[in-house]
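Spelled out, the chains give:
There are 2 protein chains.
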Amino acid sequence: MPSLADKTVLDLGCGFGHFARSCIDQGAAKVVGIDISSNMITYAETENSHQNIEYICAPIEEADLGERKFDLIVSSLAIHYIKDYDRVVKKIYHLLRQHGEFIFSIEHPIVTARKGMGNWVKDKDGEKLHWAVDHYQLEGERGRHWVIDGVITYHRTISTLVNTLIENGFILEKIVEPQSTDYGLEQMPKLINEQRRPSFLVIKSKR
Amino acid sequence: MPSLADKTVLDLGCGFGHFARSCIDQGAAKVVGIDISSNMITYAETENSHQNIEYICAPIEEADLGERKFDLIVSSLAIHYIKDYDRVVKKIYHLLRQHGEFIFSIEHPIVTARKGMGNWVKDKDGEKLHWAVDHYQLEGERGRHWVIDGVITYHRTISTLVNTLIENGFILEKIVEPQSTDYGLEQMPKLINEQRRPSFLVIKSKR
Chain A
21 MPSLADKTVL DLGCGFGHFA RSCIDQGAAK VVGIDISSNM ITYAETENSH
71 QNIEYICAPI EEADLGERKF DLIVSSLAIH YIKDYDRVVK KIYHLLRQHG
121 EFIFSIEHPI VTARKGMGNW VKDKDGEKLH WAVDHYQLEG ERGRHWVIDG
171 VITYHRTIST LVNTLIENGF ILEKIVEPQS TDYGLEQMPK LINEQRRPSF
221 LVIKSKR
Chain B
21 MPSLADKTVL DLGCGFGHFA RSCIDQGAAK VVGIDISSNM ITYAETENSH
71 QNIEYICAPI EEADLGERKF DLIVSSLAIH YIKDYDRVVK KIYHLLRQHG
121 EFIFSIEHPI VTARKGMGNW VKDKDGEKLH WAVDHYQLEG ERGRHWVIDG
171 VITYHRTIST LVNTLIENGF ILEKIVEPQS TDYGLEQMPK LINEQRRPSF
221 LVIKSKR
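Protein chains in written order, with this note's numbering: chain A, 21 to 227; chain B, 21 to 227.
Relax, there's no trap hidden among the hints.
Same chains, same names: a pair is fine if it fits in one copy or spans any two.
Dumping the calculated BS3-like pairs for lysine-lysine here, alpha-carbon to alpha-carbon at most 25 Å:
1. Lys111 x Lys50
2. Lys89 x Lys226
3. Lys210 x Lys142
It should be emphasised that the hints constitute simulated quantities derived from the structure, not laboratory data.
Use the sequences and the hints to build the structure in full.
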């Protein structure tokens, strides 16, 4: 993460506003948080309000920010709910100042590729044998269970995720496939599975 | 592929020299082909010789090209045999002219991740059920069978492959995960498996 001092930040899929609030705590000048969930925005406005944070309840694709410009646009585990990735990338590019950064995390394509659930293949004793990959090049809808059933995520290949950024003018800065740390393993031993297959992908790019 | 007219090209892992020869046919000014196999270099010098092609028998890491500079450096399915990727990336950067391009293909990390062979998991009738991924974050040696037994390939994550380029000054231009085409499927029906998991990764970057 770059320094947030005096930065204007846009958080796409801000949820309960915890990250928006932490940006202010780290010196950000102004934060706009957008989320499709009115429950989350209501919570954010109650529990994480601040004079320099503005919350907007809207789908990421539809939020109207006019000609406002940001130094940093972040999105944590929201872009895989977006149907039209190219359109959102174009929008984000437009909303960034020159040299502004876009950092987002999503479910890793290795995890989203195979249709259906239960992609840890286990033996008869329930031991995990390996992770199952299939349908990798077939981009599009994948059903998932998340809090409520029926949430749709979209699988895209690594090449689509990266090339769409580059084709729209972004410079790729870094790709991270988060690993379990010693501390994390102590707190949550099942994170050892992150060594076996990556759950998440973080992509950092610059306008 | 960029236009090759009047370009100087370096082919790392040139094998029998077919690509080196095709570069000349496409107008390249000069091609240097390097391969560790003396059999392949002998064949290349016999069957694909040309006054503007120079073949060198050496490991990619050791080949001494001094201060020569190239417009394009290519490598087809050779970099996964390299133990020290960072060192080779630095060498390639040094050998490229400003704005020169480096295009290479390797086995896809999805394919190299799991230790051991037989990563298509099949049912009792031999039908392919899915591709098995494991050990993704454990980079390093993977045994493979290729022509002769005992050839060692090295597994690296997508993030390592991409970030090492960027950290060494390259600008990422494109990632390709080749898919089966209609023509390819006609010639070789089993290419349909490329839709299920990508075998190869091509990365194009620019100095």
